[in-house]
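Asks: Heads up: the protein sequence lines correspond to chains A and B, in order. Mapping of the first sequence onto my numbering: position 8 corresponds to residue 8, and the numbering continues sequentially without gaps. Mapping of the second sequence onto my numbering: position 183 corresponds to residue 183, and the numbering continues sequentially without gaps.
Please note that the accuracy of each hint is not assured.
Computed, partial: chain B to chain A, Cβ under 7 Å [claimed, not checked]:
1) D88
2) A92
3) F97
4) F102
5) P106
6) F107
7) L108
8) V111
9) P117
10) R119
11) F120
12) S121
Simulated from the structure, these hints should not be mistaken for lab results. All values reported here derive from a predicted model rather than from experimental measurement. Note that the Cβ used here is the ideal one computed from N, Cα and C, for glycine as well.
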Amino acid sequence: MGSLSIIGSLAHKSLRNRASTALLTVLSIAISIALLIGVERIRTEARSSFASTISGTDLIVGARGGDINLLLYSVFRIGNATNNISWESYQDITSRPVVEWAIPISLGDSHRGFRVMGTNQDYFRFYKYSRTRTLEFIAGEPFDGVFDAVLGADVAAELDYAIGDKIVIAHGAGSTSFVEHDDKPFIVTGILKKTGTPVDRTVHVTLEGIEAIHIDWQSGMRLPGQSVSAQQALQMELQPEAITAFLLGLKSRVAAFGLLRDINEYKEEPLLAIIPGVTLQQLWELIRVVEITLLAVSICVVIAGLIGMLSAILTSLNERRREMAILRAIGARPWHVLLLLVTESALLAAAGALAGMALIIGLTAVAAPMLEQRFGIFVEVQWPGAFEWLIALVVVAAAIVVSLWPAWRAYRNALADGLTIRV
Amino acid sequence: MVADPQPDNRAPTVVGIRDLLFAWPGQPPVLDIAELNIARGERVFLAGPSGSGKSTLLGLIGGVLTADSGSITVLNQELAALSVAQRDRYRADYVGFVFQLFNLLPFLSVVDNVLLPCRFSARRHERAAARSGTVDDEARRLLSHLDVTADLMARKVTELSIGQQQRVAAARALIGAPELLIADEPTSALDHDLRERFIHLLLDECAAAESAVLFVSHDMSLGSLFDRQLALTEINRAGHHNG
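Extracted from the complex, chain A is given alone in its bound form (with noise of 0.2 Å):
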């Protein structure tokens, strides 16, 4: 159809004549496009990453409460256990033949706002992230001694600690604890290698180091007139009577359920096991709400986007209605006059998804080193995928619904005006 470029190549014309207040809609188009793919993306791998906190943990253990609180304490170190689990049953349970290995975990203390958690050896071996990934170190190697501690890389970083410096813990989770465990300092061993989960904002110990710190302790205090040394400390039995929870691995997946049922059963001490993964699920429905409100804020965004559109054709048609009787005059068809319209809005919301999705490149690029080392979420500069060209393409339709509108009234007035214009 000959009369199709035609249209084309006028609509295109006629946008480059009034090339400020097309910019300014292709702008307004763009910036909401890019708002709504960026936390699109944002969501995705706020998703994957919050998904991918820990892996390969079969089972986690803790004392009977919540499902979600013990996930929250143990993997993401926010709030408090609320009992511990007696030595004996963690050693009961590990030593079961479905157990391929165990990794305890001590909460309680912090050191400057950061948790610090006590463990052994194998949660540098087993504990997984991002499905398939270990802990590496920039800098030293696991904790060996008593006293020695292992920085998760945010700890290292903002507290700008090394191999080698000495740090105090103190007693209580808060970051302004006055009761410090300041008579048995720790050093630095090792430092891990950032990993965008909770992990980096850990500070590693040994559980005999944790057991060390409270020895001359009862119920939060230190005991009055009693003082252990740290060279004395060493001296003394320091297996742990218990602790906050455990990770396993397990043999074979399928066994998790069994082992689950029989923890939950447990006859010794109210127990309570989780699967990492449902409970993940559970918490990320929680966080729905956010998710669904940012997406539904930057879908409002692309609509008054939109509107602005439509303002300004709506605005401008009184002025063209002259231009509409010209085309009308030289054998323009009336919906000659309505395509026009259509053909400029659609070619607006083009540009502006063209330029949004480049402004969220950009804006990627820019931000990505920002997002990963503040928030610990990956966002890889990439060219729009399959759902973020259906955005683009579900704009341009809606532009070109919403032009309806203007056109319509154009073709309306076309029909009326004829040849005159009754302005």
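Please arrange chain B on chain A, whose structure you already have, making use of the hints.
Replies: Coordinates of chain B only, in the frame set by chain A:
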């Protein structure tokens, strides 16, 4: 695509009106014309004050409006027998228009404005190309005949004076040599000295293109430049109160 209407290109009468009656909905008739003929190549001056139904008559001849009764033929083709789409097509092929003001699309160049009819009408495209080799050359030829210099052609249409714009509009109406040129008060926005000059240029080019001219104006002083002068108030038997 709409079927090509087949008017008689060799018909001696370009416009033929018989017993035309037209009224806007719910109002008394605006036009009631017993007979009006324009011969091939004839230059007709139609005088009438504003509100005498001039624009309505031009809309009817242009095929944008349809008569309530009676007959309008263009090149022996009965307009009422054509579909709406065919009338749009016929207008593109056989009629050129020049209006009082604002004839040009502000976003097109001078030459592109002139070429516009060739884009909507294959017939005028062919005829323009046959005349000068390419439509582009024909546009430039017409423009320079109408005193639009190459320097003016390079300007944006919004930078042209009204007189220059009207000459560009005339070139556009004449490209592809349509059988009928309808000019609706094309000189009323021009200074007096420019009016006659514009009409001379227009009529010369119409003669070269063998186009008949229907020139409508309230300015009776211009009538003497034409083959025939008509007063709408004389040929229209309806009352005069609507545009």
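Asks: Would you mind marking each hint as holding or not holding in the structure?
Replies: Hint-by-hint comparison with the structure:
At about 5 Å, the closest approach between the beta carbon of B/D88 and any beta carbon in chain A falls short of 7 Å, and the interface hint on this residue holds. This hint holds: B/A92 has a C-beta 2 Å from the nearest C-beta of chain A, less than the 7 Å allowed. A distance limit of 7 Å between C-beta atoms decides the matter here; for B/F97 the minimum to chain A is near 4 Å, and the interface restraint holds. For B/F102, the interface hint holds, the least distance from its beta-carbon to any beta-carbon of chain A being 5 Å, beneath 7 Å.
Residue-level restraint check for B/P106 holds (minimum Cβ-Cβ distance to chain A is 6 Å; threshold 7 Å). The interface hint given for B/F107 holds, since its Cβ lies 3 Å from the closest Cβ of chain A, which is under the 7 Å cut-off. At its closest, the beta carbon of B/L108 sits 6 Å from a beta carbon of chain A; the interface hint therefore holds under the 7 Å criterion. The beta carbon of B/V111 is not positioned within 7 Å of any beta carbon in chain A (closest approach about 13 Å), and the interface hint is therefore violated.
For B/P117, the suggested interface contact is upheld, since its CB lies about 5 Å from the closest CB of chain A, less than 7 Å. Using the Cβ-Cβ criterion of 7 Å, the hint placing B/R119 at the interface with chain A is satisfied: the shortest such distance is roughly 5 Å. The closest approach between the C-beta of B/F120 and any C-beta of chain A is roughly 4 Å, which is under the 7 Å cut-off, so the hint is satisfied. Of the supplied interface hints, the one on B/S121 holds, with its beta-carbon coming within about 6 Å of a beta-carbon of chain A, less than 7 Å.
Hint violations for this structure: number 8 only, all remaining hints satisfied.
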